[in-house]
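A.B. asks: What follows is each chain in one-letter form.
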Amino acid sequence: MPTIQFGDVQVEVDEDGFVQDPKQWTEDLARYLAKQEEGLDNLTEDHWKVIHYLRDYYQQFGIAPMIRKLCKDTGFDLKYIYELFPSGPAKGACKLAGLPKPTGCV
Amino acid sequence: MANSKTPRLDELEKGRWPSFVKIMKRAAVKKPAAGDLLKQLELSYEEKVGHWKHGGIVGVRGYGGGVIGRYSDRPDRFPNVKEFHTFRVNQPSGWFYTSSALRQLCDIWDKYGSGLTNFHGATGDIILLGAPTENLQPCFDELSEHGFDLGGSGSDLRTPSACVGPARCEYACVDTLDLCHTITQEFQNELHRPMWPYKFKIKISGCPNDCVASIARSDLSVIGTWRDSIQVDPQAVAAYADQGLDIQGEICGKCPTRALSWHPERKELEIRREECVRCMHCINKMPKALRPGRERGATLLIGGKATMKESAFLGWVIVPFMKMEPPYTELLDLLRRIFNWWDERAKNRERIGELIYRLGMRAFLHDVGLPPVPQMVARPRANPYYYWRPEEVRSNG
Ligand code: SF4
Ligand code: SF4
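Residue numbers (our numbering), protein chains in the order written: chain A, 1 to 106; chain B, 1001 to 1397.
Do not take every clue at face value.
Here are the in silico distance ranges between beta carbons for each label pair [claimed, not checked]:
no., chain 1, residue 1, chain 2, residue 2, range
1, B, ALA1306, A, ARG68, 39 to 45 Å
2, B, HIS1181, A, GLY39, 30 to 36 Å
3, B, PRO1326, A, LYS72, 33 to 39 Å
4, A, LYS72, B, ALA1122, 40 to 46 Å
5, A, GLU45, B, SER1100, 56 to 62 Å
6, B, ASN1135, A, PHE61, 48 to 54 Å
7, A, ARG31, B, LYS1323, 30 to 36 Å
8, A, PHE61, B, SER1100, 50 to 56 Å
9, B, TRP1017, A, PRO2, 39 to 45 Å
For the record, the hints were derived by calculation from the structure and aren't laboratory data. C-beta: ideal position from N, C-alpha, C; glycine also.
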């Protein structure tokens, strides 16, 4: 299993770079991943809205939400989500939010 | 052959037919990935298990579909296929290429990938097999520079495809190429950014011969048809008879609805238009004498799919006849209503055919605003009960 060295913690990630243990997630880690994975220098309020929404949903239900639900609940259309996270909701936003890799076709 | 590393695969080189093993061995001379691919496949044949890991999630910026993640679960033994991702590249309508476009595509793929291709996948896309993660973005960038775009994958609109239609085929009742291009352009967002419960496929055939097998392989199938009479050239009919074609037995006798009569004394073929179900049999047999009618359009069918939650389905007719002329507003609007209806109601990984199966055709037709018409059923049903919607029931008082 690959790891990323972040500060003085070792974070385990899978081969696509998804954090394995959601408990290791911090806002700083999200900023770090944003830079590394998405080339984003800073995260705006809208970025955080999506990230926190995903984390809350995951904590409540144990899975990532359907994309339709994500769009509806955040009020952002899918195109805008791709603008925020160029790799998209699954590979981008979920990764930054420290969720394990969404399964299936998300 | 005793010391071959792939004795099982070598069996597949025998015989006079084309062999993917031969081709991949040839590719392996240039590309180590092709060699490792063969060795991994040999191991799979030996152990009878696949060695690809599932659930990889890779892609290019701005797109959610078009790249399918593949990782070997034995990177220790096959390091060159450790990452072996697949690109789906949107094919041109009707699969027409210039040879220079093909060369360009292959050059790009030699540069970034394994050099192995598959023309074409089940959806119709060009399949580029096997690139490492770090090459995905640069490969995509170069493909785009040369005018190529990715196709669909995952829970999105899959790349629409169409038969060659009017480009080469006199049977075409609609311009399949233009329609396919229009739908592809219109729904770019749905194609590249998966957001649906599952996949949605659209295929277009120019006539009921249905050369792209749309009825069995697409959620929404568009099949060219006509609503007036088959066009007949009486002299050409007589010429077929003179050449010894058994019109009574071969043509009339095999018309599924017995819509044809042959009058040998007058050498005349009579077609009862209202009986004809447009199966194409007589036209295929006598192409010089018979042609589709003049008033042309398409039949729309919904719900075709392979076995998943439910068994395999063929498409159901939902619109017996629709004119198909640019800008295709009626069809595009209907498609939007269908997408929404399905997207709002379907469970995860439920195809539209399965959703209609679950909620009923009546609900589907009502909600997307299509009238139920007799052409939707093969014959009147035996069960006389009809379930009225509550608002249709009025008291007599
Ligand atoms: S489906 Fe009909 S129009 Fe299209 S290629 Fe086949 S025969 Fe020709
Ligand atoms: S198209 Fe088929 S159904 Fe129609 S007349 Fe010819 S054979 Fe009969």
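A.B. asks: The structure should be examined with respect to each hint, and the outcome stated for every one.
C.D. replies: Hint check results:
1. Distance hint for B/ALA1306 and A/ARG68: a CB-CB separation of about 24 Å, inconsistent with the stated range 39 to 45 Å.
2. At about 33 Å, the beta-carbon gap between B/HIS1181 and A/GLY39 stays in the expected band of 30 to 36 Å.
3. In this structure the supplied range 33 to 39 Å holds for B/PRO1326 paired with A/LYS72, their Cβ-Cβ distance being about 34 Å.
4. Taking the beta carbon of each, A/LYS72 and B/ALA1122 are about 32 Å apart, not inside 40 to 46 Å as hinted.
5. Roughly 49 Å separates the CB atoms of A/GLU45 and B/SER1100, a value that falls outside the hinted 56 to 62 Å.
6. Distance hint check for B/ASN1135 and A/PHE61: the Cβ-Cβ separation is about 36 Å, which falls outside the suggested range of 48 to 54 Å.
7. Separation of A/ARG31 from B/LYS1323 is about 56 Å and departs from the stated range, judged on CB atoms against 30 to 36 Å.
8. Taking 50 to 56 Å as the suggested C-beta distance range, the pair A/PHE61 and B/SER1100 conforms, at roughly 52 Å.
9. At roughly 43 Å, the beta carbons of B/TRP1017 and A/PRO2 sit within the given window of 39 to 45 Å.
Checked against the numbered hints above, the structure violates hints 1, 4, 5, 6 and 7; every other hint is satisfied.
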